[in-house]
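Undergrad: Listed in order, the protein sequences are those of chains Z and C.
For the record, in the first sequence the residue sitting at position 76 is 76 according to our numbering, with numbers rising by one throughout.
For the record, in the second sequence the residue sitting at position 107 is 107 according to our numbering, with numbers rising by one throughout.
Derived by calculation from the structure, the hints in this document are not laboratory data.
Since the model is a prediction, treat every value here as computed from it, not as a measurement.
There may be inaccurate statements among the hints.
Examples of chain C residues lying across from chain Z (beta carbon under 7 Å, computed) [what the hints assert, rightly or not]:
id: 1; residue: ARG102
id: 2; residue: PHE105
id: 3; residue: PHE200
Virtual Cβ for every residue (Gly too), placed ideally from N, Cα, C.
Letter by letter, the chains look like this.
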Amino acid sequence: MSERSHLRNFLLLWLGLTVVLEVVVVVILGHDIPPGSMTNDTRAQHDVIVTLTAIALPVLAMVWTYLAYAAVNFRASADGPLEDGAPDRGNARLQIAWVAVTACMVLGLAAYGSIDLLSGAGSSGVGSGEGPNPLAKPANAGKALQVQVIAQQWVWTFRYPAYGGVETPMLEIPVGTDVEFHVTSLDVVHSFWAIELGVKADAVPGADNVAFVTADRTGSFQVRCNELCGLWHGHMNTTGHVVGASVFKQWIGGQESKYAGVTKQLPPYSTTYYPQPIRNG
Amino acid sequence: MRGRLLGVIASFGLLVGVVVVYFIFILEEAPPGVAASVHGTTAQLTLQTDASYGHAPYPDWVTYEARDPSGHWQHSTILKIPAGTRYVHVTVYEYDTATGLRNPFFAYVRGTVGGVIQLNGRPMNYVDAASPAHTFTAPDLGLNVPLPGIDSSAKNQCAAAPCRTSEAHNTISFTFKTPKPGNYRFQCIVPCALGFLYGFGGPMQTIGYMDGMIEVA
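Bound-form chain C, shown alone:
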């Protein structure tokens, strides 16, 4: 009787251990954070969106990348902002072609300083709903920035991340006020996950690809 009880307890402990190890494994899969570079009271984030990551484990997944203060591109969507800054200035190099929005409402720019973005130097407060390849959308910040895609007939399209500015791209820049300390999710609204049902799976559901976190601390 006692041996059976010990067996049950040991089995239960083993099961709990497996579950804990599994979740630790998942948590450790989160990409490392990338710190913004700081200039005075403004944090500078530099990102790129790429049609294909180009590396294991998911070489054909669409992805964001972030540039660290030393100028190296990191495959991460954990963006660290110092709480002491007043503004966050974001530059996105957009290398992917357009998919278009399922909900045209997100063609409208929201939450940026002045309610505008600069698209290749031109100020805009909304874009053609069929033009975005991706969006930079942080719902809890009321922030939505459509990222228009490049011409699908462009000849020097980027094949794998990190892409270079010598390849076809759009440059989108915008500024938003640094929010109070906390973690704020961001995501892409465009159904851009090639090969998944209606474009919603894979990278659209994965931190490090088209989902991430803005950490203000």
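Next up, chain Z with everything else stripped away, as it sits in the complex:
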């Protein structure tokens, strides 16, 4: 078979596999790709993941097709000599095309991701931790409900400075309200990952990592630690809830009453803590 025939067969197979993969992964399964659609951020993340998957599938199909085609058609015979193929030298068109296509893909993806991070999804940073001085903020960031996320081996607690600085092991946020998470740690590095909210921010001792989110429907979301943090890292989970505004008011009032005794012992609200125990290990 001539080289031209091999090329035609390979292109047809590649095209066919690409179409099948795109239909199955993007069209049929795309809707169910995490993290869901609870917030602007998760919708933006979902769109990014689906888009990147759609772009990556032809590349994946090309590699698979080439490997399979070569394994079937260019096998060395068992009793024949072991020989290498002829080197391909001086093919400037191929080299330029290769560099141009891959450069366009990488730079295009970088631009797409950066634009989406800074200006997409209501300009809220797509749920990422942005450090103490976030660049991407929602329009009414000044009115956002502040919730401090405190990580320590191997539990989460949450502090609400607008409600007397009460600290609670439960996380609830009101629907339709901008929420400003301030993520920090009391010991080692953890990572606050509220999966269905599309929020992920590192929890670093002595650092304030801010992430914004606005949930637009009620429901539950999983919280996990996403940074290997010691023996019980895999158990450092909890469940949060997005609730209606009146339910939230009732709940936070109950937490203030329930933990009134211990709230008096807490240090004043601060974006970071690093209190030393008496004996200090």
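We have chain Z; now place chain C onto it with these hints.
TA: Showing chain C alone in chain Z's frame:
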């Protein structure tokens, strides 16, 4: 060619074997379980927290110990609770001095029946955040019990586990509802690992010392 292939397969098999043996060794390192004694519908756990284990391989590590139904202290934090019981009553003899909590929130008692503990016979629902030597905290059960330390100037402090009640101690008791069958981790929240960076390493990261499992079956 065939010999080389066999060599690669043999090497890979050897590597897998070493990894499997390594993990079996780690799994067998887990301490034996200690069963609670049962009185009617209540399981009784008796524990102690000690400033120093006092024995190899880590004599200077802080540790929990658990008393088995025959009254002997076992160096274990695998606590077995019969699923048929309704309550678990826990008595902790606390022999260590205070370190204090890094997060004062855990000075608050949570998850016990009535939301209280008995500290040397006195009911309390929270303690001074600087007073705990350790905590008995099972996050998946919503259970947190601070264990106040003894006075650091006490004269008859325990040197090595198992400690005796004739030595300086606090007695903390509490009850919680028996959870549904399953395994529930517990840990100490106080950064109590003397000699480790900020008190977080060693026994704070090791089952059999300051971490363990409540097994309900």
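Undergrad: Determine for every hint whether it applies to the structure shown.
TA: Hints, verified against the model:
Taking 7 Å as the C-beta contact cut-off toward chain Z, the hint placing ARG102 (chain C) at the interface holds, the least distance being around 5 Å. Because the smallest distance between the Cβ of PHE105 (chain C) and any Cβ of chain Z comes to about 5 Å, under 7 Å, the interface hint for this residue holds. Restraint check, PHE200 (chain C) versus chain Z: the minimum CB separation of about 5 Å is within 7 Å; hint holds.
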